[in-house]
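Student: Line by line, the protein sequences are chains A and B. First residue of the first sequence? That's 1 in this note's numbering, and the numbers climb one at a time after it. First residue of the second sequence? That's 1001 in this note's numbering, and the numbers climb one at a time after it.
Mixed in with the good hints, there may be bad ones.
Here are the simulated BS3-like cross-link-like pairs (lysine-lysine), alpha carbons at most 27 Å apart as the crow flies [what the hints assert, rightly or not]:
1) B:LYS1142 with B:LYS1093
2) B:LYS1181 with B:LYS1093
3) A:LYS38 with B:LYS1111
4) A:LYS49 with B:LYS1114
5) A:LYS29 with B:LYS1049
6) A:LYS29 with B:LYS1047
7) B:LYS1432 with A:LYS38
8) B:LYS1111 with A:LYS49
9) A:LYS152 with A:LYS5
10) B:LYS1203 with B:LYS1226
11) B:LYS1061 with A:LYS29
12) A:LYS38 with B:LYS1114
13) B:LYS1432 with B:LYS1261
14) B:LYS1420 with B:LYS1261
15) A:LYS38 with B:LYS1047
16) B:LYS1093 with B:LYS1145
17) B:LYS1049 with A:LYS38
18) B:LYS1432 with A:LYS29
19) B:LYS1261 with B:LYS1061
20) B:LYS1357 with B:LYS1389
21) B:LYS1132 with B:LYS1145
22) B:LYS1061 with B:LYS1432
Since the hints were made in silico from the structure, they are not lab data.
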Amino acid sequence: MEYTKSKVLALVFLRMAIGWHFFYEGMVKVFNPLWTSKAYLLDSGGFMKDFFIGLAHNSTFLPISDSLNAWGLSLIGFSLIVGLFSRYAAIAGMALLGLYYLSHPAFPGITYLFPSDGSYFIINKTLVEIFALYVIFTFPTDHLIGLERFWKKNIKQ
Amino acid sequence: MEKEYQTVMSQENKKEKKGISRRDMIAGLASIPVLGAIGYGLFLQHKDKINRTSGLLKNVKPIIPQGIPPLVDGPEIRIGIVGCGGRGEYLLKALGFVNPQRIDEWTERSKSDKYWQEYLTEYLGQENMNVKVTAICDIFEKNAKHAIATGANLYRNGTEGKLDAMPERFLTYQELVASPKVDAIIIATPDHLHVPVVLEAAKYGKHVYCEKPLSWTVEETFEVRKVVKDTGIVFQLGHQGRQTESYQVARSLIQQDVIGKISLIEVCTNRNDPNGAWVYDIDPEANENTIDWKQFIGPAPWHDFSLERFFRWRCWWDYSTGLSGDLFTHEFDAINQILDLGIPHSAMASGGIYFYKDGRTVPDVLNMAFEYPKRDLTLLYSATLSSEKNRGKAIMGHDAWLELDETLTVNLDPRSTRYKAEIESGILEPHKPIFSYVPGQDKIDAITTPTEKYFAGRGLLYTYRDGKAVDTTHLHLREWLNCIRLNNGTQPSCDIDQSFEEAITAHMGTISYHEGRRVNWDDVNEVIY
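Build out the structure end to end from the sequences listed, making use of the hints.
Tutor: Quick look at the structure:
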């Protein structure tokens, strides 16, 4: 694809919006010592329900999962915003969102304690964000608008 | 239009040779200001939280119970249990004794069900209380046989495993209590037999854990208080709610005047299933030959043998204390431990048998109002056995109201005097929780996230606190055993004085219901009139 200005802008806006979403969500968790993913995990549904509930009950893995979540979200968000290694960030983000989706799939017949903000069948906002990250991965823009622009330069020089 | 743009890539190629240009700087750093915006958002969020936290928490130091109290060292205590039905079995389980067949069932279920796997692991891990069940008494053959195997299962094995010595079965509670093999008695009989067994136990200096309510009649309430005090036995009434963390936190908050002057307290019972309405199953093995009917009747008026009356005894005044003694007492004891209310000045009750027209004599809907003029407050109780609409406990103060369950929430009153300045300056938002406590968390959060509130409201966090649900009955028994071992006159939290207040209050409600009038308490002469 040829990167025209409008295409670059569209891609960078998408990258930054997802970055913003991840970074804010992550940092709020980092700054809240009481936050834990336990409640969310206990509310899991679908075919991997047992796995996630087991994770919630595991006192060794739960704090690890909590830290990975909070810092993972923050770092992925940071990377997408500043435009450095955002292809890797996109992969990590897709993996993380994939786990969220698997714990709360939008399948008929599964109800969650959290009321849904809309009506979904298979495709929900988590899945849409995964596909959006796939776009970010496929059409990187870090070298155009982002810190990677300096990085690349330095390597070449 | 597309052609008018030079591709960005070709621009890049042209400028690559010149090093880092101004354009590079702008494009490379273009997104950095976004971090500033997010940082500002985080700052606002944090400031908001600090504001709300500081509004109330500044001067309030809630007392939060920490963990499980350790067992007091001492000799093994030999337990005799009178009444081995459903509740008796539960109490034995809380002590660490489960029927081997039950262990087999749990093991079988745990093979395919994670819940049972954890349940079994947790149960097997429950601390050994250094007690032995040496004697049992039940007037239904099947229950007695079942309890013998339960009491012998010191090692918590299945049917294939090793058992300890079988407890001795006694046909009457008098014989059990007199046995030199018994140090302490657990009573889980129907209501009308509580006091007779306590009196007999006290006569022999045996310590007693008695299921609630304390008594079946007013007269015996006075008698049992006197005897327990005179003999100095360690006495605990089975209100395991004494061990509920949130009640202890609530007490400490109210003592620090967090909710202001209290004028009204509302407590409720909301049940809607036959089991909750005491329509229990009738065992097919039960008949006149397997039940000692005469002993069952005890001090109650004579009635011909009736399986219904035996298994569903809670439905008849002849053996039961109805909603007031059976369920209101739980609510009363919760409130009494928080506020030291004591016996009310007066009681007014109304209700009826409105849903379960099955021959019962006790009402299935009951409303009672207890007045405490010296405390300037009313305690309201409202119960139905045919609707599960959840109405929790609410303690209503002028500055805030406290909602109580396993969790605790303090809601700000918009017309509060104490918090007026904070409300006006926007630090505190009226109608929103300003305080919440979820058992298992070691902190009180001033304003919880919607997630926490949602889960707390559903009791989910409680069930899984620290990945381990603590059984309040286990804690309540442990407290009793600790007092016995201390052997220095220390009485447990629900001692005979607390029990006396519980029983008299419940009886006042019942008398008012029967007589359709306001019933009063003369606290100087200790007379109901």
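Student: Are the hints correct? Go through all of them and say.
Tutor: Do the hints match the structure? See the list:
1. B:LYS1142 with B:LYS1093: The hint holds at about 18 Å.
2. B:LYS1181 with B:LYS1093: Roughly 21 Å separates the two Cα atoms, so the pair holds.
3. A:LYS38 with B:LYS1111: Judged against 27 Å, a Cα distance of about 25 Å means the pair holds.
4. A:LYS49 with B:LYS1114: The hint holds at about 12 Å.
5. A:LYS29 with B:LYS1049: Distance ~13 Å between LYS29 (chain A) and LYS1049 (chain B) Cα, so the pair holds.
6. A:LYS29 with B:LYS1047: Holds: LYS29 (chain A) and LYS1047 (chain B) sit about 15 Å apart, inside 27 Å.
7. B:LYS1432 with A:LYS38: With Cα atoms ~24 Å apart, LYS1432 (chain B) and LYS38 (chain A) stay inside 27 Å; holds.
8. B:LYS1111 with A:LYS49: holds (18 Å)
9. A:LYS152 with A:LYS5: holds (20 Å)
10. B:LYS1203 with B:LYS1226: This hinted pair holds, its Cα atoms lying about 12 Å apart.
11. B:LYS1061 with A:LYS29: holds (26 Å)
12. A:LYS38 with B:LYS1114: OK: LYS38 (chain A) and LYS1114 (chain B) at ~17 Å, within 27 Å.
13. B:LYS1432 with B:LYS1261: holds (19 Å)
14. B:LYS1420 with B:LYS1261: holds (15 Å)
15. A:LYS38 with B:LYS1047: holds (26 Å)
16. B:LYS1093 with B:LYS1145: The hint holds at about 16 Å.
17. B:LYS1049 with A:LYS38: OK: LYS1049 (chain B) and LYS38 (chain A) at ~22 Å, within 27 Å.
18. B:LYS1432 with A:LYS29: Status holds; Cα separation ~22 Å.
19. B:LYS1261 with B:LYS1061: holds (19 Å)
20. B:LYS1357 with B:LYS1389: The hint holds at about 21 Å.
21. B:LYS1132 with B:LYS1145: Status holds; Cα separation ~17 Å.
22. B:LYS1061 with B:LYS1432: holds (21 Å)
Of the numbered hints given earlier, the model fails none.
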